[in-house]
Amino acid sequence: MAEPAMLPRIAGQADAATSSAPTSGIAPRGAIRLEGISRVFGGGVVAVDRIDLDIQAGEFFTLLGPSGCGKTTLLRMIAGFETPDAGRILISGREMQSVPPHKRPVNTVFQSYALFPHLSVAENIGFGLRMRGVARPERLARTEQIMALLQIDAFARRNPAQLSGGQRQRVALARALVNEPEVVLLDEPLSALDAKLRAELQVELMRMQKRLGMTFIFVTHDQHEALVMSDRIAVMEQGRMLQVGPVLDVYEQPRSVFVAEFLGLSNIWKFTPRPGNMAETAIGALSIATPITTQRTAMIRPEKIWLYPEADAPRDRPNMFAGVVREAIYMGASTQYNVALAGGAIVLALDTNNQAAERSWGPGERVVLELKPANIMLIDG
Amino acid sequence: MSAITGGASIQGSAERAERLARAWRLWMTAGPGLFWIVVFLLLPSLILLGIGFFSIGNYGNPHLPLSLEPMREVAGYSILGWSPDNLATILRSLLQAISAAGLTILLAYPVVFFIITRPPALRPLLLLFVILPSWTNQVVRTYAWMELLGPGSTLSHLAQGAGLIPPHLGLMPGILAMQIGLTYNYLPYMVVPLYAAAEKLDWSLVEAGRDLYASGRRLFWSAVFPQTIPGLLSGIILVAIPAFGDYVVPTLLGGGKSMMIGSLIASQFLDTPNWPYGAALTIFMLIFTCAGLIVFRVMSKRLGSSEGSMI
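Chains H and F, in that order, are what the protein sequence lines are. One point on numbering: in full-length UniProt numbering, the residue at position 6 of the first sequence is 6, and numbering is uninterrupted. One point on numbering: in full-length UniProt numbering, the residue at position 219 of the second sequence is 219, and numbering is uninterrupted.
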């Protein structure tokens, strides 16, 4: 699986960057290690603040965060366009700080695609191979292969200006993949596309990555995109990594309020611990499943809240709250209810629209919410 | 029935008024410029075209009957038979124009890239330093070069000492001095369009080039140079065309041995008058330049980068 079947590896393709530096022997091809990476811009703006990170070979890893959180700077340091002020970058076990971009075993898919306007699609894709001195017949063969793989062979002779956004995106991806880099860096490559095309390309990118077995580092501010595509994600804020882990872990068990709020919708309350593993919150006392120790914040995802009509709500369970629907936001597959409780606090609840009409509510209607203890997560601080 | 036709005619007259108003606006805005071009460019050119087909009078003035003699003279024929002098002058002017464009390109690229890599606040000032000399009169600046390159000048002494030129002679007059003068005079006209192109350079393409294993010279040619082509083409036109017909520099710095087409034309009106011949030369130059422009335009279109150029 490590060797992609479609793209035969070329003899002597272990290029300068791959063979020159001594290899530790431990780190597999495509693994990345960041040790204490920092980058401070002029004016003392700390873009990246002492980041340690290990990315496995062949992993689809996403750096997620709001704009200005340092994710792009981090990516640019791995590509070599920015130099870290402190720390080490290792790709496949080799130190990279003093290696210029054109000698690094990585290729980048740029946010603006950065296709050469004076070159045709095929010439754009073959550019990297040409610069590395790959002979013409082989270059053409590999260019054709990758174009077929990404279904852009029909546009081979066109100029980038004649392509649609989605086609350009594919060309930019092909231009990186054709070089068979150890690591592919993607800087918000889908942000300029419309929703439907984006969804298509998300799946295609994932499929391509699994097929070729290269390490992908994907930068995005779109939490949905991060959830869909990644093996693991790192949530960043103000140059720091707040949480790194498999998508499911980060979503289900956010370790900070920021992560909980950035990734999906959430209901978050500060609480005071009460005897019997109870939490006194703004909406009332909640029964909690996990033992309360030092945590002082409780969180529950809207889709984990159960809604009942007032009449047939179960009476004998904990954490039942009666309220009035303020807004019902219909989103097709699901509806988001903003429910005002007796004390005035608003709780978000999400209900899938898989039931008949009697299971939906309009503004002003009374509902009962169930916050099952097992669904309530505790967050430090 | 009558109501309907009445409505149509009202509509028609409103349309007519609208059309009149539009014509009025058009003439008021385009009129003055058009007047200027017709009176001071088109008419003189037509008169010149006419003069070019007259015979020469006793005082060099145009005279009847109409004749093709001036045109034959342009091609190099005279009563003494065919001489290559005119052809040589045209070729020399052409070469001077091309080499002036070439030299300004070589000088402009480093200057432009120096400026655009400075902080944005500083760039207009640096650009101003390049443009500033062209705000003084060209004749004055060329006179300054006469001083700098003349027989008694330090530069000439140095050149004499190095054995580059015979003793007691200056670097001026001559081809070299003329080339220096042209390059100096037209440098701003290369720097400015090139700067305009380079300032909106898409640096992400440079990064893409570096990301795809290009560095140094190959990076420049693959990612930077193509983006500057529109500015380069504009610059070539702005430099080569005036340099081709330049009069001041060849007259002051060129000396007698290196006649240029600009001086040749001027002498037909000033020194030994021959208006029909001078007019014919001018027309030839005009057609030659236009033909050059057309060829250039076709070439730049083929390069696929003519959208941004000023031609």
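Please keep in mind that the hints were generated in silico from the structure rather than gathered at the bench. Incorrect hints may have been included.
As the list claims (entries may be wrong) - Residues of chain H placed beyond 10 Å of chain F at every Cβ, according to the derived structure:
#1 27
#2 108
#3 179
Claimed, not checked - Pairwise CB distance ranges (calculated):
#4 F:294 x H:162: 25 to 31 Å
#5 H:327 x F:128: 46 to 52 Å
#6 H:162 x F:11: 42 to 48 Å
#7 F:120 x H:284: 55 to 61 Å
#8 F:11 x H:330: 46 to 52 Å
#9 H:67 x F:36: 50 to 56 Å
#10 F:294 x H:148: 39 to 45 Å
Claimed, not checked - With a straight-line cut-off of 20 Å between C-alpha atoms, the simulated SDA-like cross-links for lysine to any residue are:
#11 H:196 x H:222
#12 F:301 x H:222
#13 H:103 x F:78
#14 H:103 x F:216
#15 H:372 x H:291
#16 F:200 x H:372
#17 H:103 x F:200
#18 F:301 x H:291
Where a beta carbon is used, it is the ideal one built from N, C-alpha and C, also for glycine.
Right, here's what the structure says about each hint:
1. Annotated as non-interface, residue 27 (chain H) keeps its C-beta farther than 10 Å from every C-beta of chain F; the closest such distance is 22 Å.
2. Non-interface call for residue 108 (chain H) relative to chain F: violated, since the shortest CB-CB distance, roughly 5 Å, does not exceed 10 Å.
3. With a closest Cβ-Cβ approach of about 7 Å to chain F, residue 179 (chain H) is found to fall inside the 10 Å limit, against its non-interface label.
4. Taking the beta carbon of each, residue 294 (chain F) and residue 162 (chain H) are about 27 Å apart, inside 25 to 31 Å as hinted.
5. The supplied range of 46 to 52 Å is broken by residue 327 (chain H) and residue 128 (chain F), whose beta-carbon atoms lie about 60 Å from each other.
6. For the pair residue 162 (chain H) and residue 11 (chain F), the supplied restraint of 42 to 48 Å holds, since their beta-carbon distance comes to about 44 Å.
7. In this structure the hint that residue 120 (chain F) and residue 284 (chain H) lie 55 to 61 Å apart at CB holds, the actual value being about 58 Å.
8. At roughly 50 Å, the beta-carbon separation of residue 11 (chain F) and residue 330 (chain H) lies within the given 46 to 52 Å, and the hint holds.
9. The hinted range of 50 to 56 Å is satisfied by residue 67 (chain H) and residue 36 (chain F), whose Cβ atoms lie roughly 53 Å apart.
10. At about 43 Å, the CB distance of residue 294 (chain F) to residue 148 (chain H) agrees with the hint of 39 to 45 Å.
11. Distance restraint check for residue 196 (chain H) and residue 222 (chain H): the Cα-Cα separation of roughly 15 Å lies within the 20 Å cut-off, and the hinted pair is therefore satisfied.
12. The hinted pair formed by residue 301 (chain F) and residue 222 (chain H) fails the criterion: a straight-line CA distance of about 42 Å is larger than 20 Å.
13. With a CA separation close to 68 Å, the supplied pair residue 103 (chain H) and residue 78 (chain F) exceeds the 20 Å bound.
14. About 13 Å separates the Cα atoms of residue 103 (chain H) and residue 216 (chain F), which keeps this hinted pair within 20 Å; it holds.
15. Between residue 372 (chain H) and residue 291 (chain H) the alpha-carbon distance is near 15 Å, which keeps this suggested pair within the 20 Å criterion.
16. In summary, the hint linking residue 200 (chain F) to residue 372 (chain H) is not supported, as the alpha carbons are separated by about 58 Å, beyond the 20 Å threshold.
17. A distance of roughly 27 Å separates the Cα atoms of residue 103 (chain H) and residue 200 (chain F); the hinted pair therefore is violated under the 20 Å criterion.
18. Between residue 301 (chain F) and residue 291 (chain H) the alpha-carbon distance is near 74 Å, which puts this suggested pair outside the 20 Å criterion.
Checked against the numbered hints listed earlier, the structure breaks hints 2, 3, 5, 12, 13, 16, 17, 18; every other hint is satisfied.
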